[in-house]
Amino acid sequence: MPLPRLIPCLDVAGGRVVKGVKFQGLRDVGDPVELGAAYSDAGADELVFLDISATLDARAAAVDVAARVAEQVTIPFTFGGGIRTLDDAAAVLGAGADKISVNSAALARPELIEELARSLGSQAVVVAIDTEGGRVRSHAATRDAARDTVEWARECEQRGAGELLVTSIDRDGTQDGYDLEQLAALRDAVSLPVIASGGAGNAGHIAAALAVSQAALLASILHENPARLVTLRDELRQLGVPLRDAA
Amino acid sequence: MKVAICRYGAGNVRSVELALQRLGADIVEDVGGADLAILPGVGSARSAMEGLGASVDVLRERHAAGRPILGICLGLQLALDESEEDGGVAGLGIVPGRAVRLRGERVPRIGWAEVEPSGEAYWFAHSYEAKTEATVATSEGHSAIVEHGSFTGVQFHPEKSGAAGARFLERCLSRV
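Chain order of the listed sequences is A and B.
Its first residue numbered 1, the first sequence is counted upward by one per residue in the working numbering.
Its first residue numbered 1, the second sequence is counted upward by one per residue in the working numbering.
Please note that a few of the clues may not be correct.
Not everything, but these chain A residues come out facing chain B in the computed CB check (under 7 angstroms) [claimed, not checked]:
#1 Gln72
#2 Pro76
#3 Ser122
#4 Arg187
#5 Ala189
#6 Asn225
Honestly, the hints are just simulated from the structure, not real lab data.
Think of the CB as a built atom: it goes at the ideal place given N, C-alpha and C, for glycine as much as any other residue.
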């Protein structure tokens, strides 16, 4: 297996990085390129940018952000939010992103996963799953998607998804620890890499998530402070988690 | 240094282009005439071979003439005789061997992994791997670097492997 990955997540809206808790109350916290480059320098293994504005011009904004990030950042990054078609996805990858993530659009029309995988390769297709109590939620977690999380994960795999980004809605922003039970169920259900998201409060939480998942998404724990990533990586190494030497 | 990147629709062309420009390379369109030709690649083998079109012959001629080619990820797999992807696809046939599906681990294999013998970690994202006697470096038992005549192929993505990847590409450019 490749080394466990730490993936800072930057929520973007209107071309800026914003911050929110439980999808509520956004504030501007910086420029996506500057923050992305700083996290890369601090040892991030990958980056995720999620456009949470979901406006009609989200695709144009996504392509612009992806292009600007690609010029400055030399580690892989995923772009999600507002991607509804193969053309949307191809435009973002063409700008220099390595993967796209889809969520509500895949729930609305699961065939989208197959179309993306066939044209772009599975390795570029991340399906983001927002879950609460073993059930999938959609539209920025505002709606019940009427699907069981494990069943949906299996369907995503069968349709050609390359990775699953699994966010526990009830943990998101709480720093109370990842939903390890849900992550372990997914580890057993699919053979795709799983990126754990939602609930990181300390290095112990992350180490526990990395014991059942291939990567950990880091959001509120970093406080938009790349220096925190440096100390977290040191703490994780002391806990015996093998991380790459980013020098 | 003139470097041409084969463009065939799908692919990580933009990232490769940016990585080379950072190292001072001059990106040109003429795959036949460039000092180094790069066959990038993300996507699937069949659509890539179809997309390559006339570049197939240009790349074979380059290799026959001993002029350098660098294949990245799918670009390495395309150089082989065949791939078992998409029900079986004939490759360029400039490197003996075939691409087979990864088995016995989480697929796609995504993330940073060390390459032996150098010990350097690079970023991988693949579901198939090269089975070839031309392998000169491995990563967790998988072919990571292939060399055959003037062709060098890497299963990892140097253009996305931070400082280590930039050092690798710099060595490729310095050898041309």
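Here is what the structure says about each hint:
| no. | hint | result |
| --- | --- | --- |
| 1 | Gln72 | violated (9 angstroms) |
| 2 | Pro76 | holds (5 angstroms) |
| 3 | Ser122 | holds (6 angstroms) |
| 4 | Arg187 | violated (9 angstroms) |
| 5 | Ala189 | violated (12 angstroms) |
| 6 | Asn225 | violated (20 angstroms) |
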